[in-house]
Amino acid sequence: DAKTTQPPSMDCAEGRAANLPCNHSTISGNEYVYWYRQIHSQGPQYIIHGLKNNETNEMASLIITEDRKSSTLILPHATLRDTAVYYCIVLTGNQFYFGTGTSLTVIP
Amino acid sequence: DAGVTQSPTHLIKTRGQHVTLRCSPISGHKSVSWYQQVLGQGPQFIFQYYEKEERGRGNFPDRFSARQFPNYSSELNVNALLLGDSALYLCASSRTVVLETQYFGPGTRLLVL
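Residue numbers (our numbering), protein chains in the order written: chain A, 115 to 222; chain B, 13 to 125.
Just so you know, these hints were derived from the structure itself, not from any lab. Just so you know, these numbers come straight off a predicted model, no measurement behind them. Think of the CB as a built atom: it goes at the ideal place given N, C-alpha and C, for glycine as much as any other residue. It cannot be assumed that every hint is accurate.
[As the list claims (entries may be wrong)] Which bits of chain A does chain B cover? Going by a derived footprint, with three or more residues having C-beta under 8 Å, they are:
#: 1; region: 189–197
#: 2; region: 200–214
[As the list claims (entries may be wrong)] Each computed DSS-like pair below joins lysine-lysine, with the alpha-carbon atoms no more than 30 Å apart:
#: 3; chain 1: A; residue 1: 117; chain 2: B; residue 2: 42
#: 4; chain 1: A; residue 1: 117; chain 2: A; residue 2: 183
#: 5; chain 1: B; residue 1: 64; chain 2: B; residue 2: 25
#: 6; chain 1: A; residue 1: 166; chain 2: A; residue 2: 183
#: 7; chain 1: B; residue 1: 25; chain 2: A; residue 2: 117
#: 8; chain 1: B; residue 1: 42; chain 2: B; residue 2: 64
#: 9; chain 1: A; residue 1: 166; chain 2: A; residue 2: 117
#: 10; chain 1: A; residue 1: 166; chain 2: B; residue 2: 25
Could you build the full structure based on these sequences and the hints that come with them?
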């Protein structure tokens, strides 16, 4: 079962930062937080992951709270191509358990 | 570099038939996982294989089986198809099994009539 809670949908204006929240209040100390996105029934695309520290790559930034009970994925300058379903996942053992994700719509 | 590849891309079967889906992992990846995604839901874990051995199984009936070959490619088999098996079947590969990022293929869209 998914160990995360995400809002079902969000809108963001093109060019603005998209901030996608995720709650994972039951996360254990050695469990990673992963983010994937899925564009129109294509295969999920890896975005970023982290354990305790904030992480940044060419796609996004991941902010994890100090108590690790929640995190935020930040897309710094959203484009129309960022419209997708975003999944926040806690890696439990070897397997990924997906929830229903957040459907992000970037508006022109 | 080639990503994860899956075949076929689309498939139509009738109830009671059998289906085999195929997956080739990223070069150098030794683990393959299979997921089922029905419309409107997130992917659900079915199997994970590493070095030809099953390392994890989700809550799916015995009609679902899989195997991994020496070249690390994998097959997912589903027997006695039901209408509810209609879904997007995703394959993901990773280098190993422990705390590894998984990279997904484009999926096989199965329709059972």
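Restraint status (C-alpha distance of residue 166 of chain A to residue 25 of chain B at most 30 Å) | Status violated; Cα separation ~46 Å.
Coverage of the region 189–197 of chain A by chain B, judged on three or more residues with CB within 8 Å = This one is violated; 0 residues, fewer than the three required, reach chain B with a Cβ under 8 Å.
Do the alpha carbons of residue 25 of chain B and residue 117 of chain A lie within 30 Å of each other, as the hint requires?
-> 34 Å, violated
Is the Cα-Cα distance between residue 117 of chain A and residue 42 of chain B 30 Å or less?
-> Holds, because 27 Å separates the two Cα atoms, which is no more than 30 Å.
Would you mind confirming whether the straight-line C-alpha gap from residue 64 of chain B to residue 25 of chain B stays at or under 30 Å?
-> 28 Å, holds
Would you mind confirming whether the straight-line C-alpha gap from residue 117 of chain A to residue 183 of chain A stays at or under 30 Å?
-> 11 Å, holds
Given the hint that residue 166 of chain A pairs with residue 183 of chain A, does the C-alpha gap stay at or below 30 Å?
-> Cα-Cα ~10 Å, so holds.
For the pair supplied as a hint, residue 166 of chain A and residue 117 of chain A, confirm whether the alpha-carbon distance does not exceed 30 Å.
-> 17 Å, holds
Confirm or reject the coverage of the region 200–214 of chain A by chain B under the rule of 3 or more residues with a beta carbon closer than 8 Å to the chain's beta carbons.
-> holds (count 10)
Residue 42 of chain B and residue 64 of chain B: Cα distance at most 30 Å?
-> Roughly 9 Å separates the two Cα atoms, so the pair holds.
The structure shown violates the earlier hints numbered 1, 7, 10.
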